[in-house]
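Number of protein chains: 2
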Amino acid sequence: MDPKAFFKLSYGVYIVSTSADGKNAGCVINTLTQVTAEPARLSIALNKNNETLKLIEISGTFSAVVLSDDVTMDQIKRFGFQSSRDANKFDGIPQGRDGLNNPYPTDGVCARFACRVVSTLDVGTHVIVVGEVIEAEALDMNAPALTYSNYHHKKNGATPPNAPSYQKDAGTVVGYRCKVCGYILESDTLPLDFICPVCGKDASYFEKL
Amino acid sequence: MDPKAFFKLSYGVYIVSTSADGKNAGCVINTLTQVTAEPARLSIALNKNNETLKLIEISGTFSAVVLSDDVTMDQIKRFGFQSSRDANKFDGIPQGRDGLNNPYPTDGVCARFACRVVSTLDVGTHVIVVGEVIEAEALDMNAPALTYSNYHHKKNGATPPNAPSYQKDAGTVVGYRCKVCGYILESDTLPLDFICPVCGKDASYFEKL
Chain A
1 MDPKAFFKLS YGVYIVSTSA DGKNAGCVIN TLTQVTAEPA RLSIALNKNN
51 ETLKLIEISG TFSAVVLSDD VTMDQIKRFG FQSSRDANKF DGIPQGRDGL
101 NNPYPTDGVC ARFACRVVST LDVGTHVIVV GEVIEAEALD MNAPALTYSN
151 YHHKKNGATP PNAPSYQKDA GTVVGYRCKV CGYILESDTL PLDFICPVCG
201 KDASYFEKL
Chain B
1 MDPKAFFKLS YGVYIVSTSA DGKNAGCVIN TLTQVTAEPA RLSIALNKNN
51 ETLKLIEISG TFSAVVLSDD VTMDQIKRFG FQSSRDANKF DGIPQGRDGL
101 NNPYPTDGVC ARFACRVVST LDVGTHVIVV GEVIEAEALD MNAPALTYSN
151 YHHKKNGATP PNAPSYQKDA GTVVGYRCKV CGYILESDTL PLDFICPVCG
201 KDASYFEKL
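Residue numbers (UniProt numbering), protein chains in the order written: chain A, 1 to 209; chain B, 1 to 209.
It cannot be assumed that every hint is accurate.
For chains that are exact copies, the list does not tell them apart, and a pair is met inside one copy or across any two.
Below are the EDC-like pairs computed for lysine to aspartate or glutamate, each with C-alpha atoms no more than 16 Å apart in a straight line [said to hold, decoys possible]: (1) Lys-54 x Asp-86; (2) Lys-48 x Glu-38; (3) Lys-208 x Asp-2; (4) Lys-4 x Glu-186; (5) Lys-4 x Glu-137; (6) Lys-4 x Asp-21; (7) Lys-48 x Asp-2; (8) Lys-4 x Glu-135.
Simulated from the structure, these hints should not be mistaken for laboratory data.
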């Protein structure tokens, strides 16, 4: 099994969020897919340790926003590098509220969806959640969506348009790289309970750069 | 509900194939996603009318290849513009056979996976199939993967790297466009039983260009 084969899969980058029991939660994912058109339904895959999944299972609803290519790393770090257990990620940032009463970030976002959960599937470490789209809104049609590949370039401080992400990074970055998906945490330390915000692997799968 | 919001979702383009009861089947999809890393599992969504889904339900296995940016439209048309009910799409083309005995195309392909089905989920018009990855092989790491956006440009005879697909097409192409996903069938006629190879909508959702 050659892990490099997985680098050839293409994704966008999204923030999924919800609200339940007076708490907000949100996280960064790359696994959002439209699975049916009539009615429009989206699927997402979330790690079982993820606080956002726990709250979605309570609320039965979620918001999903499509990140733009010009989103800042601060925005991604806010939603990707900490847990909603420890912080309200929506504190002090521009946000909207969808028709299902879920908050969603509005900076660096080009489209958004509000979904009601119709089914879930346990797939091991993750749960696939299928949501029926109740609201769909294009917020900035001129902003290209951030691709997962360009996200890696952004993380590495450069944006060559077509170079595969695995061909660059080490040497210029201080931090830890997920050996599974290539995600890089720019940090001097790797928290023991760190979970890769993209593929969901735990800290044992990270290597020091 | 603004359908343009869905244009902001990013995908790759893949061919999924299988073999059962002495028959081969394969089709073009954009919905392949890695949903877990340990063990590695992929999800795909297939239209219930799709012959490939019917054979996967029998074989319990499938191959998935990642199309390269330089794949020819002939290759895509072979797998996307006809049904495996009517033709063996593997007749006369370069192909491999995975360890689960499924054929897969090798031209215009940069990576491949062989999967054993672990679960399925009915999501309406489509079925989500989750497969555990038994084999993963990078076939051409230098070939960029075809993105769904560039696929539309390729269909339209041009490849501007970052222009959203919905901003161009009509006027230069003779054919029919899927009003749901933007897929264009270059043809003088639209078969009554035509199903959009990307989003699975039937012919009634196509408009003449």
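Hint check:
no., hint, verdict
1, Lys-54 x Asp-86, "within (14 Å within a copy, 46 Å between copies)"
2, Lys-48 x Glu-38, "between (29 Å within a copy, 13 Å between copies)"
3, Lys-208 x Asp-2, "neither (21 Å within a copy, 44 Å between copies)"
4, Lys-4 x Glu-186, "neither (22 Å within a copy, 35 Å between copies)"
5, Lys-4 x Glu-137, "between (35 Å within a copy, 8 Å between copies)"
6, Lys-4 x Asp-21, "neither (41 Å within a copy, 33 Å between copies)"
7, Lys-48 x Asp-2, "neither (26 Å within a copy, 31 Å between copies)"
8, Lys-4 x Glu-135, "between (37 Å within a copy, 12 Å between copies)"
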